[in-house]
Each structure stands twice: as structure tokens, then as C-alpha cells.
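I would like the entire structure built from these sequences, with the hints used as guidance.
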Amino acid sequence: MARKITYREALREGLDEELAHDDNVVIIGEEVAQYNGAYKVTEGLWDKWGDKRVVDAPISEAGFIGMGIGASMLGIRPVMELMFYSFAYVAFDQMMNNAATCRYMSGGLINVPIVVRGPANGGTSVGATHSHTPENIFANMPGLKVVSPSTAYDAKGLIKSAIRDNDPVYFMESTVLYGQEWEVPANDELENGELIIPIGKADVKKEGTDISLIAHGRAVITSLEAAEILAAEHGINAEVVDLRSIRPLDEETIIDSVKKTHRAIYIEENKPFCGVGAQIASTIQERIFDYLDAPVLRITSVDAPAFYSPPIEVEQLPQAKDIVAKALSIC
Amino acid sequence: MATKSKTNGSAPFADAPINKSLSADDKIALLREMIRVRRFEQVALTQYQDGKMGGFLHLYIGQESVATGTISILGDDDHVITAYRDHAHALAVGMNMNECMAELFGKATGCSKGKGGSMHYFAPDKNYWGGHGIVGGQTPLGAGLAYALKYQGKKGACLCYMGDGAINQGAFHESLNLAELWDLPVIYIIENNGYSMGTSQERSSAHPEEGLAARAKGYGMAWAQIDGVSLYEVRAGTQEALERAYNESKPTMLEIMTYRHKGHSIADANAEKYRSKEEIKKYMDEHDPITFWKNVLIAEGHITEADAKEITKEATKEANAAVKFADESPYPNVSEITDDVYWEVDNNTEAGRTGRHFFG
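From first to last, the protein sequence lines stand for chains L and H.
Mapped onto our numbering, the consecutive letters of the first sequence carry residue numbers 1 to 331.
Mapped onto our numbering, the consecutive letters of the second sequence carry residue numbers 1 to 360.
Rather than coming from a laboratory, the hints here were simulated on the basis of the structure.
There may be inaccurate statements among the hints.
Below 27 Å or equal to it, Euclidean Cα-Cα: the simulated BS3-like pairs (lysine-lysine) are [stated by the list, open to error]: (1) H:LYS282 / H:LYS324; (2) L:LYS40 / L:LYS160; (3) L:LYS271 / L:LYS205; (4) L:LYS260 / L:LYS321; (5) H:LYS154 / L:LYS48; (6) L:LYS271 / L:LYS321; (7) H:LYS154 / L:LYS52; (8) L:LYS326 / L:LYS259; (9) H:LYS155 / L:LYS52.
Far from chain H by the CB rule (all over 10 Å, computed), these chain L residues [claimed, not checked]: (10) LEU19; (11) HIS21; (12) GLN34; (13) GLU43; (14) LYS160; (15) GLU181; (16) ILE236.
Among chain H residues calculated to face chain L with C-beta under 8 Å, some are [unchecked claim]: (17) SER112; (18) LYS113; (19) LYS115; (20) LEU141; (21) GLY144; (22) ALA148; (23) GLY170; (24) ALA171; (25) GLU174; (26) ASN177; (27) LEU178; (28) VAL341; (29) TYR342; (30) ASP346; (31) HIS357.
Note that CB positions come from ideal geometry on N, CA and C, so glycine has one too.
Structure (C-alpha cells):
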């Protein structure tokens, strides 16, 4: 069986391989080089690739992300690290106005092949300012792509695709997942010699027949836990669908799943109002209303800024028990 | 605003090497460029008043020497990016009046296919990267263009323009820090027309006595203040900054003193309230860069008044032809609304065909 590596190591391998693949790839961010990364995702890359390819930026997100956008217009492929995706708000004008609209406003003369990656999750007791989950906000903007991998395998395959993509890709990770291990084949075990996962393809993480648990990011892992409980304790065979990419969105995999199970819950660590689940619920009822045996439900973070107190924050975010309870309410 | 009047024909900075190399024809071409910009905008203004275009129209009238002079000395690996008062830079890099006028009219033949409008002209094939609507938002991009040049080992620079109102934006200060810290060959050009929209410099900007550009001292960056009325001075000052970029890969902040004859935009109803009529008249009469340059060329014996009139006539003809072109051009199709959003979709790549990109 394939070797196991952490989510963090998988990202690092992906970055390392893309540095080798294209001379124009440059990693820029706070503490990514000499400090080896605030979360050690880039550990060792500066030693290997040097000052030109792995660059420590000052704490200056609007400045260095905007700079990356400008550089990308001339063919550089910057991979910018946000220490926390919460800091995207400091660079909001650059990420929303410049990265997303330069192509459009130039009538298609420009493209912005930039990746902005970093952790976008709660659950680590760092308070509201460091716990934002802005995937729905950025996915709302045409011109942007938003990717949120839930496993090491996906993280590696998707970061490589993101770097090769010719549009801006906002890549949202999870600090809670960084240290977790999954099977990720080494390149010599792969037919094509490398792991590439296309952006815009969802993945059925567990097949089932009775209810679809649809999620992205870490909520996929929580959903898999819930599916085990549902099977073991309630005889319910849940299917778990991982979006992997929020925009572009693989609607067909979602629709196929719900057509089969007739029941769906969207699970995310994001807030409920205009969350990703709202989009998915709308799509399901619009396309396959007659297949539904129950309303499409949603499970999100409790609708308030992130609570600091560790035992309370646990309760604020979706847990397996919440998913089980909600599933039982419609099964 | 102009620091001092230099309207006689003796023309300081005429002896700077970058100016000594100019032939009579070159100098006349510079006059023609400035007049083309002015006539383009004057004609655009009449068309705006006739209801031919929507939104904003930020006119550059009075500031023509800045874009014309700075861009006139650029080479193949030099790049330009500016804010929303962008018509002059567009014409100076070689965009034509037809595509620029058609863009104002929102026509499919516009430089951005009608998707950008007045504030968002682009011509990457001419090293022109916009045309940006958010005050100061383009300043990190300017650093990025310079970063790319340096990364690719090219001997070039990026000229990044902004108004004096942009200098208080945080993104600009972050850009200055990066530019100096990383030795980026970017030249920040503050086109100081004295007003950030309707707020005068003295009511908006704290700065050292020597001027706005002197803020560069805080970053250890080279800087200079230039009287924008004279093309000779604009070119000479810019050349120094360019050489610093080429030879030392170092940034510069230039403050070019100028004046806009019109309001912040056509929608500015108070253009003659926050500024006195006397002030406007003084700058129009005594500091107009086109009148100044015309007088230099007459004094140097290259042209006569009649020649200047002929140039204006030609420029008017060209601008009117651009109006005709824009008028006769079709509007874009509604089906084009979702074009030019994603490169991968536009190019029908596998990535562009994977997953749903557009909703609703």
C-alpha cells in the first residue's frame, strides 16, 4: 500500500515539485523561507531553492499579494502564503479587485496566474480574528477559483494544479489537518509520474445509499466520522461527497449522489448566511426537487464570531454528533 | 501644481543629454502627442455631454507633459501602469484614438471590448498594464511588474503613476517598503495636481517641507520633485530615475508638479468652488505645458504658430474620426458578459471545461 504522509508534507512535496517544474514559480510569504514557515509547510524549501525562489515577505499582505498579482501579469507564477487566510482581509482590494477583475476589464488581454494559499479554519482557540473561513466570500467573485482540500492526497494533487492554472486560485487549508496523515503514493508508484488532481472535480470519499453528506475542507473528515457512527449505530449507509473545489463546482457528482440517496445535508465550518451550503442546497432543489424525500439541511458553525474558549469553540463548529442527529431527523 | 513659472523660451534642462539627443522632428512629435491627448479629451468631453457614454470621465487636460514626457524616453523592457486618469498614458504608449474613444462609448471595438470604460484602458502588447480604478490600488502591481523584470533578469523599469491623493493609501506605503527593501526597478510618479478630488493637498497630506516625494526619505528611497510644465525637465528627471533603475535596480519616487484644468471628473460639480477661478486661470494662462512647449519650439525655430495650429487641426480631425468610428461601432453582445472572466474557460482548456464556472 502507498506510503503515508501528513497534509503538511503533501503540500510541501507539491510546492517542491512545482518549483522544479517551472522556473517562474516563486514562493512568497511571511516566514516562508528562513523561518521554514509559520506552520512548517515550506520547511526546507529555502535551503533547497535559495533566495530567488523562496522569499520572506514583511508583514504587509496588501503589498506583497498585490506585488504578486503585478508580477503574475508578466508571467511569474507566484505562490503566496497567507499565514492565516484571515489576513486576506488586509489584502482584500488586491485579491478582489485586482486579481479577479484585471482580466475582465482588459477585455481578456491579461491573466493573473497567482496562487494564494494558507489555512482558513477555526477550532484552534485563536479567537475571531484568526479563525475566518472566507471561501464563500471569494467564491462569490467571478474570476476567482476557490479550492479547499480535505486530505493530504488532495492537498498535493490540487496545489500542483492550482500552480499550473492560468487564473487566480485561492487555496484554503486547515491547520487542524496539517499534522494528519493519509496515504499519498510516491511519484514512482504513479502511472504519470506525478499526482495531479484537476480543479473542479468532486470526490466521493465514501459511497453510500441512504443520505448524502456533502462537505468541503475539514468538514469532510467530520462527515466521515459521522458516517461511521451512522453505519455502526443506526444502520444508515451515508455517502460522503467532498467538493474539493468550490469554484469551479462539480455539480454533477453532487446531483448523482443525491439522486441515489434522496437526502442531503451540507456540512461546513463556515457561517450559515450565504454559505457554500446555501449554494449547494439551492442547486439540489432546483435541479432534482422530485428526487428529494426530505428538505436539504445544512450544518455550519454556530452563527457568531469564533469563540476563544477551547471547550466552547468545539461546540461552535460542526461535530460528528451534530451530523448524526441531523441525519437521523430526516432518515 | 507648478512650483514656479518658466514660460519663457530659454528652457532649462534643454542641455540634459536625453534632451540634446532630440531632433527637431522629435520635439515636434512630442508637441503633437500632447495636442493629440488634449484634443482627444476635449472631443470626448463634448461626447460625454451629448450622452454618448456612461459613468466617469476623468480628464487629464493640463497634465499632458507628465505622461508624454515620461513615456517618451522608455525602451522595450520598460512598463507603465497608472490609475483612472489614464487616457494620456494610453495614447503615449501608442494606443490609437479609435480604440480609446470606442471604449468610452462602451463599444465592442474598444480597447477592453467595452468592459472597462474610461478608467480601465489596457494594452499589454505595448507594456501598458492599466488603467486602475481604486486610488492607490495599482501601486503594489507596479512593484510586481518591476519584480518580474528583475526576476527575469531584464534591464527595464516600471513607471507607476498615481495622483497626489493616492499617497495616503496604505497599499502605497507597503509598496514603497517592498520596492526599497527588495531593490525593485520601479519609479513611482506622483502627478501632483494639488487636489485629491475636491480636497487640497494642505487639507489631505502631511509631508516634509520639501514636498510629497520627500516622504521617500522615510524609506531611504531616492526622490525628486520636478516642475511638470516643461517636457525638458520631465524627461531629464525621469531619465535619472530610469538610470537608477537600470544600473542599480533601485526605485525612485518622483513628484511631478502639474495642474488639471477641469474637475476631478466630469461629474465634479464643485471644480470651481474648491479652487478659485483666478487660480485655474493662472495655471491655464501661465503654466500650460502645451503652450509652454509650443513656445519652446517657436523660440528654437522649429515651428511657427501656424504649424502649431495645423497640428491642432490634424489632432482634431483624428479625434473626430475616432468619434465617427466609435459611433459606427457595434455594442458588445450580451452573450459576451461571461467572456474574459477565466483564461482557462476562454481558451477551452481541460481546466476550463472541468466543473461549473458560472452560476445563476
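Evaluated hints:
1. H:LYS282 / H:LYS324: At roughly 35 Å apart (the allowed maximum being 27 Å), LYS324 of chain H and LYS282 of chain H break the hint.
2. L:LYS40 / L:LYS160: holds, 18 Å
3. L:LYS271 / L:LYS205: Cα-Cα ~23 Å, so holds.
4. L:LYS260 / L:LYS321: Given that 27 Å is the threshold and the Cα spacing comes to 24 Å, the pair holds.
5. H:LYS154 / L:LYS48: Answer holds: LYS154 of chain H to LYS48 of chain L is near 25 Å, not above 27 Å.
6. L:LYS271 / L:LYS321: Distance of about 18 Å is within 27 Å: holds.
7. H:LYS154 / L:LYS52: Holds, at roughly 15 Å.
8. L:LYS326 / L:LYS259: Answer holds: LYS326 of chain L to LYS259 of chain L is near 19 Å, not above 27 Å.
9. H:LYS155 / L:LYS52: Holds. LYS155 of chain H to LYS52 of chain L sits at ~17 Å (cutoff 27 Å).
10. LEU19: Fine: 14 Å to the nearest Cβ keeps LEU19 of chain L off the interface.
11. HIS21: holds, 16 Å
12. GLN34: The assertion about GLN34 of chain L holds, with a minimum of 15 Å to chain H.
13. GLU43: Since the minimum Cβ distance to chain H is about 23 Å, GLU43 of chain L lies beyond 10 Å and the statement holds.
14. LYS160: Consistent with the label, LYS160 of chain L stays out of reach of chain H, its closest Cβ about 12 Å off (over 10 Å).
15. GLU181: GLU181 of chain L is indeed farther than 10 Å from all Cβ atoms of chain H, at 28 Å.
16. ILE236: holds, 29 Å
17. SER112: holds, 4 Å
18. LYS113: Hint on LYS113 of chain H: holds, closest Cβ of chain L at ~4 Å, below 8 Å.
19. LYS115: holds, 5 Å
20. LEU141: Holds, about 3 Å.
21. GLY144: holds, 2 Å
22. ALA148: At 4 Å from the nearest chain L Cβ, ALA148 of chain H passes the 8 Å test, so the hint holds.
23. GLY170: At about 6 Å, which falls below the 8 Å cut-off, the nearest Cβ of chain L leaves the hint on GLY170 of chain H intact, so it holds.
24. ALA171: holds, 5 Å
25. GLU174: holds, 3 Å
26. ASN177: Holds - the Cβ of ASN177 of chain H comes within 8 Å of chain L, reaching about 6 Å at its closest.
27. LEU178: holds, 5 Å
28. VAL341: holds, 5 Å
29. TYR342: holds, 5 Å
30. ASP346: Nearest chain L Cβ about 6 Å off; hint holds.
31. HIS357: Status holds, d = 5 Å.
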